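There are 2 protein chains.
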Amino acid sequence: MHSFRELLEQFEKRFNIQEFPEQPARLYDAARHMLHMQGKRIRPILCLMGNELFDEIVEDAFEAAAAIELFHNFTLIHDDIMDKAPLRRGQITVHEKFGEPTAILAGDVMLVQAYEHLKYISAEILPDILHAFNQAARLVCEGQQLDMEFEARHPSEIPMDAYIEMITLKTSVLLSVSLQIGALIGGAGDRNIHHLYEFGKYLGIAFQIQDDWLDAFGDPQQIGKQQGGDILSNKKTFLLVKAYEIADAHQRQQLDAAFQHNGQQKVQQVLALFEALHIPQWAETEKKKYTERALHHLEEIAVISSRKKPLEELVNYLLNRTS
Amino acid sequence: MHSFRELLEQFEKRFNIQEFPEQPARLYDAARHMLHMQGKRIRPILCLMGNELFDEIVEDAFEAAAAIELFHNFTLIHDDIMDKAPLRRGQITVHEKFGEPTAILAGDVMLVQAYEHLKYISAEILPDILHAFNQAARLVCEGQQLDMEFEARHPSEIPMDAYIEMITLKTSVLLSVSLQIGALIGGAGDRNIHHLYEFGKYLGIAFQIQDDWLDAFGDPQQIGKQQGGDILSNKKTFLLVKAYEIADAHQRQQLDAAFQHNGQQKVQQVLALFEALHIPQWAETEKKKYTERALHHLEEIAVISSRKKPLEELVNYLLNRTS
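In order, the protein sequence lines correspond to chains D and R. Read in order, the letters of the first sequence are residues 73 to 395 in the working numbering. Read in order, the letters of the second sequence are residues 73 to 395 in the working numbering.
Derived from the structure by calculation, the hints contain no laboratory data. Since the model is a prediction, treat every value here as computed from it, not as a measurement. Please note: incorrect hints may appear among the correct ones.
No distinction is drawn between identical chains; accordingly, a pair holds when it is met within one copy or between any pair of copies.
BS3-like cross-link-like pairs, simulated, lysine-lysine; straight-line CA separation at most 30 angstroms [unchecked claim]:
1) 156 x 380
2) 380 x 361
3) 85 x 380
4) 308 x 169
5) 360 x 380
6) 308 x 338
7) 307 x 169
8) 381 x 307
9) 307 x 156
10) 381 x 338
11) 156 x 338
12) 308 x 85
Next comes chain D alone, as it looks inside the complex (with noise of 0.2 angstroms):
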C-alpha cells in the first residue's frame, strides 16, 4: 500500500508532462496557468487510493486519477468566471489574467482533454467508466448551479437540507466518483463500490465543514489566505446558514446588521455572533457525524483492513488539518 505523499509523488511525475499544443499560445498559456496553481490533488489521489483497495495500480488508474484533476481544474476555471472571483491559492485567476473569452475556452479544451485521458482505459471498462465520470460531471454542474443560487438569496431562506444537497453536488460526488473510478478499475464489486462512494460522499460534507470553519476560525497565517475571506465575500457557508437556522429574531437582526459592515469590522462582529450561537462547536459535531458516518461506509468495504489505512490517514489528514 502506498501513502499519500507516495502516490502524489508518482502521479505528479506524470501528470506534470501533460502536454498542451503550441498553438494558440494565448488558449494554452491560460490552461497553464491555472494546471500551475498546484492544488492538493486529493481527487487524483482519491482514484489511485480505490484502485489500491483491490488491486495493484494500473495504468488505467493514472489515466482517469489525470482525467478527474483536469475536470476539476476546468470547474475552477468556470467558477471561477461565474463567482467572478480574482484570485484562487493566492494568485490571479485565469480569466483575470487572460479575460473571460479566453478562460471559458481554456476550461473547456481542459475539459476535452480530460476525455481524451479516458480514452486510453481499457476498452472493456470504459463504457462504464465514461459513464460514471459523465454521471459525476453533470452532477457538479447541477451543484454549481445551486450554489450560484443560493448566492442570490438571504441566509436564513436556505434550508440546512437544501445546502447540504447543494455541497454534495458541487463537493462530495466527485470525490465519491474518484474512488469509484478507481475501484471499478480495480475490479471492485457494486456492494463494496456503493459503500465506497458512500464514504466520499460523507467524507466530502467533513471537509467542507473543516474548511468553512478553517475560513473563519483558522490561522491566517498558516492557512496563508485573509481570515473571514468567506465573510468578507458574503458567502453562504455552512457556519452562515446554520447560524440563521439556529439564531432568535434579535439575533437574526444582529447578523443583518454585522453584514451591513465591512473589513474586519464585518469579519470580527460576525465571528462574535458565530461564538455566541456556538457554530465552532456545532461544526466540530458535525464534522465530527459525517466523519463516522464516512469511517462506517469504510468498515464496510469487505477487503482485509490493512488496505484501508493509506484512506484512513488521509481521512484524519483531511479534516484535521490546519490549512
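Once you've looked at the hints, dock chain R against the given chain D.
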C-alpha cells in the same frame, strides 16, 4: 440510401426526446432553450451519411450523431457569450436570456451530455471514436480562439492562409469528424476515411464562403436576417480579408473610411467597394474551387457510386442555397 430529408426525420425523432433532468430548472431550461432553436442538423446528418456510405445505418451512428449535435450546440452557447451576440437564428441567445453564469454551465452540461451519448457506442470502436471526437473538439476550441484573436486585428493584418486555417478549425473539422465517425462505425478503412475527412474539410471551406457571400449579397427576405450583418458587426469574413488583400492603398483607405460609418450607409459603401474589387466573382470562383476539391475526394472513396448520391446532393444543396 436515404436522402438528407429522410435522415433528418429519423434523427429528429430520436434527438428531440433528449431528456434533461427537471432540476435545477434554470440550468436545464437554458440548455433546452438552445436546443429548441432548431439548426440545420447538417453535422449529425453527415455522421449518418458517413455511416451509410459503408453499411446500413446502425444505432451507434445515431448516438454519435446526437453527441455531435450536442457538441455543436455547446460551442454555439459559449461562442455567443464570447462574441456578446444578442441573437442567434433570430432568437434571444442563452446568455441574454439566462445570464452568463448559467449559460456557461448550460454549455458545460451539454458537452458532458454529448459524451454520455458516446458511452452507448460499441466498446470495440469506442476508444477510436472518443479519440476522433476529442481531437475535433480540441481543434474547434483552437479555431474559436484564433477567430477571437483575428477579431482584435485589422483585416489587412490577417493573411488569407491563416484565415483559411482558422475556418478549417472552426468549421471544417467538425464536418469532417462527423463523416469520419460515421465511417468508423460503418467499418471503413483508413484510405477511405482519409478521403472522407478531406471531403469534409473542403466542403466546410466552400460552405463558409457561401455563408459569407449570402450575408453580404443574399436576399434578406430569404435568409431571414438583415443584409450585411457581418459588415455591421465588423466581422472578419472571407470577403473582407480578400478585399484588403487585393485592394490598393487608395481602396484600403476607402474600406477603412466605409467601416467608420454605421447602418445601411456602411453596408452600401462596403458592398460597393466589394463589387469594385470583384469580390463576388472571386467568392464564386473560390467556392467552386473548394467544391471541386471536395468532390475529388468523394470520388476517391472506394464504394459504389450510388452510395455517394446523398452526399453529392447535400453538397449541391449547401453550396447553392439561398438561405
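Hint-by-hint comparison with the structure:
1. 156 x 380: Intra 40 angstroms, inter 51 angstroms, cutoff 30 angstroms: neither.
2. 380 x 361: The answer is within: 20 angstroms in one copy meets 30 angstroms, while 66 angstroms across copies does not.
3. 85 x 380: Classified as within; 24 angstroms inside a copy, 49 angstroms across copies.
4. 308 x 169: both (27 angstroms within a copy, 26 angstroms between copies)
5. 360 x 380: Only inside one copy: residue 360 and residue 380 sit 19 angstroms apart there, 67 angstroms across copies, limit 30 angstroms.
6. 308 x 338: within (15 angstroms within a copy, 50 angstroms between copies)
7. 307 x 169: Intra 23 angstroms, inter 25 angstroms, cutoff 30 angstroms: intra and inter.
8. 381 x 307: neither (35 angstroms within a copy, 60 angstroms between copies)
9. 307 x 156: both (13 angstroms within a copy, 28 angstroms between copies)
10. 381 x 338: Answer is neither: 43 angstroms inside a copy and 72 angstroms across each miss the 30 angstroms cutoff.
11. 156 x 338: within (21 angstroms within a copy, 37 angstroms between copies)
12. 308 x 85: Answer is neither; intra-copy 37 angstroms and inter-copy 43 angstroms both fail.
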